[in-house]
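Please model the complete structure; the sequences and the hints are all you need to start from.
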Amino acid sequence: MVGKERFIDAAFRALDGGDLEGADQALVQASCIKPEYAIASYNMGVLRNRVVGAQAAVLCYTRALMVAPSYAAAASNLADALLATGQGARAEVVCLDVLRHVPTSGQVLLNLALVRTSLGRREEAEQDCRRALCAAPALASAWRAIALLIHERPSVADRCYQRAWVSGLRVPAVLVNRGEIAQREGRITNARAFYESALSCDPYNPDARANLAAASVDDGDFDSARKHASAVLSRHPEHPLARWIDTWIALAFRDFKHGYEAYDDPWHSTGSGSHQHMRSIPLWDGGAVNGAILIWCGQGLGDEVLYAGMIPDLLDFGVEVVLEADRRLVSIFQRSWPEVRVIARGREVPGDVVAQSSSVRLPMYFRRSLEEFPVRRSYLIPDSDRVEHYREAFNRQRGQSSVGFSWRSGNPRTGAQKSTRLSDWAALFDLPGFIFYSLQYDAGGEGHPSLQANPGPDVKDDIEGLAAQIAALDHVIGIAGVTSHLAGALGASGHVLLPPAPLWYWFAEGSDCPWYPSLTLVRRGVDETWGPTISRLVEEVRNHLSG
616 MVGKERFIDA AFRALDGGDL EGADQALVQA SCIKPEYAIA SYNMGVLRNR VVGAQAAVLC
676 YTRALMVAPS YAAAASNLAD ALLATGQGAR AEVVCLDVLR HVPTSGQVLL NLALVRTSLG
736 RREEAEQDCR RALCAAPALA SAWRAIALLI HERPSVADRC YQRAWVSGLR VPAVLVNRGE
796 IAQREGRITN ARAFYESALS CDPYNPDARA NLAAASVDDG DFDSARKHAS AVLSRHPEHP
856 LARWIDTWIA LAFRDFKHGY EAYDDPWHST GSGSHQHMRS IPLWDGGAVN GAILIWCGQG
916 LGDEVLYAGM IPDLLDFGVE VVLEADRRLV SIFQRSWPEV RVIARGREVP GDVVAQSSSV
976 RLPMYFRRSL EEFPVRRSYL IPDSDRVEHY REAFNRQRGQ SSVGFSWRSG NPRTGAQKST
1036 RLSDWAALFD LPGFIFYSLQ YDAGGEGHPS LQANPGPDVK DDIEGLAAQI AALDHVIGIA
1096 GVTSHLAGAL GASGHVLLPP APLWYWFAEG SDCPWYPSLT LVRRGVDETW GPTISRLVEE
1156 VRNHLSG
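Residue numbers (the numbering used here): 616 to 1162.
Heads up, a few of these hints could be off.
Claimed, not checked - With beta-carbon atoms standing in for the labels, derived distance ranges:
(1) D880 x A1068: 39 to 47 Å
(2) E986 x G668: 48 to 56 Å
(3) E739 x H883: 26 to 34 Å
(4) I896 x D1073: 33 to 41 Å
Stated by the list, open to error - Here are the simulated SDA-like pairs of lysine to any residue, each with C-alpha atoms no more than 25 Å apart in a straight line:
(5) K872 x L985
(6) K872 x A903
(7) K1075 x R942
(8) K842 x P821
(9) K1075 x I1050
(10) K872 x M979
(11) K1075 x G1062
(12) K872 x V990
(13) K842 x D879
(14) K1075 x Q949
(15) K1075 x A1031
(16) K1075 x D998
Rather than coming from a laboratory, the hints here were simulated on the basis of the structure.
The beta carbon of each residue, even a glycine, is placed where N, CA and C say it ideally should be.
Following this line, the structure appears as structure tokens:
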């Protein structure tokens, strides 16, 4: 056996026997006998990456490429090692250099896509994935990579995950990815099935089990959710999703002490593309500051209304507040808190801002127990002229109670769980002495003879108009959405229909709503259809408005 082959053979025998140090020495000797022997340098890189770490492997892979510039495997591993050590720009150069020699290497094109994804250049990365798949249609990892890049197109992404699986990437991660898509689309039963399949492949996979916990919450199965989250945390106590699910469940059952233990985690581990990192302003730590605090929400419109309810707490704390808001909320927020500087999202932030915080973080400072929820009926002030205008419009038929009504959600993730059909509400429209007005901004073509059209031109974009309508009505009935949030913030009388597992701040039990004392909550049971729940709500409305 020739000298270099003898050392290579010895290296692999050492590897088979678990002697990593001996394998490394044999590879070094092989490289010394013939330094241009690229495969020895490559294998040394593989070994050192495993034993020492990515940085130790960089030199070995680089030496292999110096000898064999078209060595695609060495280029791929070098790009991976450079990425792992935070050298994304250099990894991109490596991939481009090798592609000059082997322009149709699917693996190197895929590595280039991964590098550009890490650099935030997702459109280029998607094109690189497409080129990789043209060069190697059966490259399973490229199918998964492109699926991850187009997650905002769930149906296409799901088909790509399927191709990855069929092409041989039969790993739990692909099943988890498909479960995440199903969960995002509200197909909770399908999502749970994907996560359970992933766990059948790997019972200790933390991502699969944490996602199963999240899907169990969406399904209203809190016992299973607790079990799965606890199982993950017993092995991986810092797993972010499992910690968040544990937090969510605790808060949903009003266990504020435990719930807030990990509540702040997401804002200390956000990526560079997050709203928080758009500006280099320190995160507020709950203490006094010498300057103004920028408050923003980063969630949906209803959440923005709810969490804005703690702006008065901030003012009482003695800080100056700059409130960044959806443009549709700017005027009503400014009217409600004249001492706050309210700016539309995307506008320049004043120069005296010294700290920032999402309003979603404020509960852990100002709502640490039920006793800290203020005794107040409302905190938003509508436009009084518009309220009077709508009050006249709604009172054209004297002797009847005016009731505003919304019944469906367009939210792609949670809409399916909380939406109803207009036909489910026949018993409501049969109530005598009431006149019903639609507050639904997207009726989906549904209508009912007893449901009056909304007198406003656009309740979706004209939030001031919607708020004035709510304030002018005698009562509001709706699902968990922006209409109900506005009703609560305005102190309007109302009933809210909830699915078995609403967002945590609606809590998991009880008919009271500490955030909005004027609202009554009606909950659908886990094994209950909407029919019996709506019947209970109708009876409550009858008694409430008749009394």
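Going down the list of hints, with the structure as the test:
About 46 Å separates the C-beta atoms of D880 and A1068, a value consistent with the hinted range of 39 to 47 Å. Look at E986 against G668: about 51 Å separates their beta carbons, and that is inside 48 to 56 Å. The hinted range of 26 to 34 Å is satisfied by E739 and H883, whose Cβ atoms lie roughly 30 Å apart. Between I896 and D1073, the C-beta spacing of about 34 Å keeps the proposed range 33 to 41 Å intact.
The hinted pair formed by K872 and L985 meets the criterion: a straight-line CA distance of about 11 Å does not exceed 25 Å. A threshold of 25 Å between alpha carbons decides the hint, and for K872 with A903 the separation of about 23 Å falls inside it, so the pair holds. Pair hint K1075 plus R942 holds up; C-alpha atoms about 12 Å apart against a cutoff of 25 Å. In summary, the hint linking K842 to P821 is supported, as the alpha carbons are separated by about 13 Å, within the 25 Å threshold.
Restraint check for K1075 and I1050: satisfied, since their Cα atoms lie roughly 22 Å apart, inside the 25 Å limit. Pair hint K872 plus M979 holds up; C-alpha atoms about 9 Å apart against a cutoff of 25 Å. The suggested pairing of K1075 with G1062 holds, with an alpha-carbon distance near 18 Å, which does not exceed 25 Å. For the hint pairing K872 with V990, the CA-to-CA distance comes to about 21 Å; that is within 25 Å, so the pair holds.
Proposed proximity of K842 and D879 is supported: the alpha carbons are some 22 Å apart, at most 25 Å. Under the criterion of a C-alpha separation no larger than 25 Å, the hint pairing K1075 with Q949 is consistent with the structure, at around 19 Å. Note on K1075 and A1031: the hinted pairing holds, with a Cα-Cα distance of about 19 Å set against a maximum of 25 Å. Proximity of K1075 to D998 is assessed by CA-CA distance (about 17 Å); at most 25 Å being required, the pair is judged to hold.
In the structure shown, no violation is registered for any of the earlier numbered hints.
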